Amino acid sequence: MNFTILIIDDEKNIREGLGTALELEGYDVKLAENGEVGLKLIEKGDIDLVITDLRMPGISGEEVIAKVAGESPGVPVIVLTGHGSIDSAVTAMRNGAYDFLTKPLNLDRLILIVKRALAGRELEIRHSTLKEELDAKTSFESIIGKSAEMLRIFEVVRKAANSKASVLITGESGTGKELIANALHNLSNRRDKPFVKVHCAALSESLLESELFGHEKGAFTGAVARKRGRFELANTGSIFLDEIGEIDQNVQIKILRVLQDRRFERVGGEETLEVDVRIIAATNRDLLQEIAEHRFREDLFYRLNVVHIQVPPLRERKDDIPLLVASFLEEFAKENNKKITGIDARARSALYKYNWPGNIRQLRNCIESAVVMCSGSQITLEDLPPSVSGASDTDMISIPVGITLAEAEKILIQQNLAVNKGNKSKTADILGIGRKTLHRKIDEYNLEVGDTEAAEGETDPE
Numbered sequence: 001m002n003f004t005i006l007i008i009d010d011e012k013n014i015r016e017g018l019g020t021a022l023e024l025e026g027y028d029v030k031l032a033e034n035g036e037v038g039l040k041l042i043e044k045g046d047i048d049l050v051i052t053d054l055r056m057p058g059i060s061g062e063e064v065i066a067k068v069a070g071e072s073p074g075v076p077v078i079v080l081t082g083h084g085s086i087d088s089a090v091t092a093m094r095n096g097a098y099d100f101l102t103k104p105l106n107l108d109r110l111i112l113i114v115k116r117a118l119a120g121r122e123l124e125i126r127h128s129t130l131k132e133e134l135d136a137k138t139s140f141e142s143i144i145g146k147s148a149e150m151l152r153i154f155e156v157v158r159k160a161a162n163s164k165a166s167v168l169i170t171g172e173s174g175t176g177k178e179l180i181a182n183a184l185h186n187l188s189n190r191r192d193k194p195f196v197k198v199h200c201a202a203l204s205e206s207l208l209e210s211e212l213f214g215h216e217k218g219a220f221t222g223a224v225a226r227k228r229g230r231f232e233l234a235n236t237g238s239i240f241l242d243e244i245g246e247i248d249q250n251v252q253i254k255i256l257r258v259l260q261d262r263r264f265e266r267v268g269g270e271e272t273l274e275v276d277v278r279i280i281a282a283t284n285r286d287l288l289q290e291i292a293e294h295r296f297r298e299d300l301f302y303r304l305n306v307v308h309i310q311v312p313p314l315r316e317r318k319d320d321i322p323l324l325v326a327s328f329l330e331e332f333a334k335e336n337n338k339k340i341t342g343i344d345a346r347a348r349s350a351l352y353k354y355n356w357p358g359n360i361r362q363l364r365n366c367i368e369s370a371v372v373m374c375s376g377s378q379i380t381l382e383d384l385p386p387s388v389s390g391a392s393d394t395d396m397i398s399i400p401v402g403i404t405l406a407e408a409e410k411i412l413i414q415q416n417l418a419v420n421k422g423n424k425s426k427t428a429d430i431l432g433i434g435r436k437t438l439h440r441k442i443d444e445y446n447l448e449v450g451d452t453e454a455a456e457g458e459t460d461p462e
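Taking full-length UniProt numbering, the leading residue of the sequence shown gets 1, the next gets one more, and so forth.
Check before you lean on any hint, since a few could be wrong.
To be verified - Keeping only pairs whose Cα atoms sit at most 35 Å apart, straight-line, the calculated DSBU-like set for lysine-lysine is: (1) K146 x K159; (2) K441 x K424; (3) K338 x K426; (4) K197 x K164; (5) K217 x K30; (6) K146 x K164; (7) K67 x K40; (8) K334 x K353; (9) K12 x K103; (10) K197 x K227; (11) K146 x K197; (12) K146 x K424; (13) K426 x K146; (14) K338 x K353; (15) K12 x K227; (16) K44 x K197; (17) K217 x K12; (18) K40 x K217; (19) K115 x K197; (20) K67 x K115; (21) K197 x K217; (22) K227 x K115; (23) K436 x K421; (24) K197 x K67; (25) K227 x K164; (26) K227 x K254; (27) K217 x K67; (28) K334 x K421; (29) K159 x K254; (30) K30 x K254.
Quick caveat, the hints were computed from the structure, so don't treat them as lab data. Here the structure is a predicted model, which means the values were calculated and not measured.
Work the whole structure out from these sequences, hints included.
Put into structure tokens, the structure is as follows:
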């Protein structure tokens, strides 16, 4: 990491001499001739370590320590003091200072203390970053799905994860695009680096530009201090730009420059910053249509669309509904302290027939609602929201276009079993096959039959 050290000392020779020595060690250095100037620099941010004289006119070193401890915890402060003020230096350490040195200074010892303090600072930053990521991230294995469509996506994610190529994830709202982005980062060689997420649709153009690229103090009304942008914070890691189809073309141009040159300036700033960031973007819009209507830049689209992952809506991957339902049911039953063992046949049929315009997000909310409403050990049709339970009122079976004959047969058998409440004899009669054939296909497709009303006493017609 590239660290910035602030030196506060009213003695010019000491201040400038230390600055030169630390710059030769590879650090960025800022100088302040008194505590007041020093505190202003600290307020701007970007300071990783403070070296301050203890006794200065005006704001003292003790006040600097208190300010750093209160507003920038984790930034180490090294105190410089004369021989007659060692007791004060010890007190300063009790109040939060990292270490102290007496004047005249032993430069080698100071550099050693600085390196040790910054090593701890780096460890703390990395630990904090990793903790936040671990708390928030969903691993690749947490993406629920075994359908052919999802297996194809898993394979693309595995192949693309370790590359530097930009990835564009498209699909309807609620299909799990953010989970795919998580998987791409978590499986990459950047997994231990920052993963920064930006929900572009939630911010206005001016706020989004500042959020992405940062700003300098005074760049606009309310910019009271320098702010690092998300691209800067994501350096060496990945950035996820969710709903990128919503951003203004002025911001699109700046993102395009980052993709092309890996460079940008903060809002109101002149310094050009370089970053190494892997960009993952997502949208529920048809970007080709947006390009045709002059709302999205074609050159940005092709820069983003190096690897394209299209996440199918839930209505096109209904084989995943049982797995998703089982996961959500376990989660919400535990959360609501209920012992719910499953879902009855009529409710399962309704869940399968419904087309889920809100996709996985809607299914999750549906199961949470059903768990809350359930008063028994199984979710029933009556526990489901009316919009979903109404799907069972029709005797029609919906079979999507484009699936294989085997997949269509699986849906046909599963839906008839559900409607017939698990009665295999009745289901076999309706389908025009024998019970042995039906049993074989149930095993072949690994279908859940559920409780039966008339299983006992059924005879095998074959």
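Each hint, compared with the structure:
Of the supplied pair hints, the one linking K146 and K159 holds, its CA atoms being roughly 18 Å apart against a limit of 35 Å. With a C-alpha separation of about 12 Å, the suggested pairing of K441 with K424 holds against the 35 Å cut-off. Of the supplied pair hints, the one linking K338 and K426 holds, its CA atoms being roughly 34 Å apart against a limit of 35 Å. Under the criterion of a C-alpha separation no larger than 35 Å, the hint pairing K197 with K164 is consistent with the structure, at around 17 Å.
Of the pairs offered as hints, the one joining K217 and K30 holds, with about 16 Å between alpha carbons and a cut-off of 35 Å not exceeded. Under the criterion of a C-alpha separation no larger than 35 Å, the hint pairing K146 with K164 is consistent with the structure, at around 27 Å. Distance hint between K67 and K40 is fulfilled; the C-alpha atoms sit about 11 Å from each other, no more than 35 Å. This hinted pair checks out: K334 and K353 have alpha carbons roughly 27 Å apart, not beyond 35 Å.
Taken as a hint, the K12 and K103 pair is honoured in the structure, with Cα atoms around 14 Å apart against an allowance of 35 Å. Only pairs whose Cα atoms come within 35 Å are accepted, and K197 paired with K227 is accepted, the gap being roughly 17 Å. At most 35 Å may separate the alpha-carbon atoms for a hinted pair to count; K146 and K197 meet this at roughly 27 Å. With a C-alpha separation of about 26 Å, the suggested pairing of K146 with K424 holds against the 35 Å cut-off.
Taking the CA atoms of K426 and K146, the gap is about 29 Å. The hint holds against a cut of 35 Å. For the suggested pair K338 and K353, the alpha carbons sit about 26 Å apart, so the restraint of at most 35 Å is met. Restraint check for K12 and K227: satisfied, since their Cα atoms lie roughly 29 Å apart, inside the 35 Å limit. Among the hinted pairs, K44 with K197 is consistent with the structure: their alpha-carbon atoms are about 24 Å apart, no more than 35 Å.
With a CA separation close to 27 Å, the supplied pair K217 and K12 stays within the 35 Å bound. For the given pair, K40 sits about 11 Å from K217 by alpha-carbon distance, which is consistent with the 35 Å threshold. Only pairs whose Cα atoms come within 35 Å are accepted, and K115 paired with K197 is accepted, the gap being roughly 32 Å. With a C-alpha separation of about 23 Å, the suggested pairing of K67 with K115 holds against the 35 Å cut-off.
Straight-line distance between C-alpha atoms of K197 and K217 comes to about 24 Å, which keeps the hinted pair within the 35 Å bound. Proximity of K227 to K115 is assessed by CA-CA distance (about 26 Å); at most 35 Å being required, the pair is judged to hold. For the given pair, K436 sits about 18 Å from K421 by alpha-carbon distance, which is consistent with the 35 Å threshold. For the suggested pair K197 and K67, the alpha carbons sit about 31 Å apart, so the restraint of at most 35 Å is met.
Proximity of K227 to K164 is assessed by CA-CA distance (about 27 Å); at most 35 Å being required, the pair is judged to hold. Taken as a hint, the K227 and K254 pair is honoured in the structure, with Cα atoms around 17 Å apart against an allowance of 35 Å. Between K217 and K67, the direct Cα distance comes to roughly 20 Å. Compliance with the 35 Å bound is thereby established for this hinted pair. For the hint pairing K334 with K421, the CA-to-CA distance comes to about 27 Å; that is within 35 Å, so the pair holds.
For the given pair, K159 sits about 29 Å from K254 by alpha-carbon distance, which is consistent with the 35 Å threshold. Distance restraint check for K30 and K254: the Cα-Cα separation of roughly 29 Å lies within the 35 Å cut-off, and the hinted pair is therefore satisfied.
No hint from the list above goes unmet by this structure.
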